[in-house]
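Protein chains in written order, with the numbering used here: chain G, 247 to 377; chain F, 247 to 377; chain B, 247 to 377.
These are calculated hints, taken from the structure and not from any lab test. Any given hint could be a false lead.
Copies of the same chain look alike in the list, so a pair counts if it fits in one copy or across any two.
Here are the computed lysine-lysine pairs in the PhoX-like style, where the Cα-Cα straight-line distance is at most 25 angstroms [to be verified]:
1) Lys350 x Lys259
2) Lys314 x Lys350
3) Lys250 x Lys350
4) Lys314 x Lys250
5) Lys314 x Lys259
Here is how the chains run, residue by residue.
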Amino acid sequence: MALKRLSIKTQAKQELIDITERVQRAVRELGVSAGACVIFVPHTTAAITINEHADPSVKEDILMMLDKLVPAGLRYQHAEGNAHAHIRASLLGHSVTVPIEDGKLALGTWQGIFFCECDGPRQREVWITLI
Amino acid sequence: MALKRLSIKTQAKQELIDITERVQRAVRELGVSAGACVIFVPHTTAAITINEHADPSVKEDILMMLDKLVPAGLRYQHAEGNAHAHIRASLLGHSVTVPIEDGKLALGTWQGIFFCECDGPRQREVWITLI
Amino acid sequence: MALKRLSIKTQAKQELIDITERVQRAVRELGVSAGACVIFVPHTTAAITINEHADPSVKEDILMMLDKLVPAGLRYQHAEGNAHAHIRASLLGHSVTVPIEDGKLALGTWQGIFFCECDGPRQREVWITLI
């Protein structure tokens, strides 16, 4: 079972990017009818999460809360100035696992899959494996 | 490998519901002896987590801390009044993956699986896939 | 597919321990060339996360932030004095799923896998399953 790599060019310091359609397409191309799909982020200052993608303001509220919970500019030891991004990534997590049914991602009605850039803009990847 | 859907009727605005026994039963019915089990929540204001189910006060402490970290009633942009529930769900996560051994969930001694209602009461689902 | 159990002796009240090499070795011994690997923590006051392992100060910043977000010594209901450890474990999560390619963990350049002790020192385990 191959690993499929998606490229993502992020545009902002912090943003949530809806990748549901791209993951859906990758699952279709991998051609498996049932099981589950692991969506993995191979970075340490980016993460992945599932949330509502109907109303774009949900993304903004998540970013605002991450800013509030794990502020940039505290007295962190990591000297590169992005310690907050590392911590936010661990709070959100580096993978989500989504069931597959009839060859498609089995997501709930309101669910979308979001790539979470915590220290952009950068060239990023998301890796998809069927299991 | 079929997807198994459990129905959950939540009773409160926020609560953690121990679903370990129901997941265990579903795994037994799916009849697989080894591998792992993905327990997936198809909602955007509910989540799933693993924690101690011997002492019910652990659940209460988790809920108290979520209230403290991500309070309801801040100046969120999402207009439906449940932005805090969306954010809490992303912090806890929408799936857990648990190993299966000898046809049963391989959980630690104190571990239980909890459905986390963040914006109830509602009719909810949990989806179980063996992998 | 067997479940592989690693023993971990933690040394401090709280610490992040890099277990990447040990997981890599376990994957090699399980002898699977492609798929994914679930790394599961069977405890309720310990967790697992992925983050940078080049600079050890990232670990320290994560621990500092957990202390700040979920302090020990608040008025928790759980009477054993480690409610904060239970809550931190749920925020970080009890499993990570990592793709496998060519018989090895497919991790990003800077990624390491960390066992997160939240209430040590103790004798702990990590369970590894290939899927």
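Contradicted hints - numbers only:
1, 2 and 4
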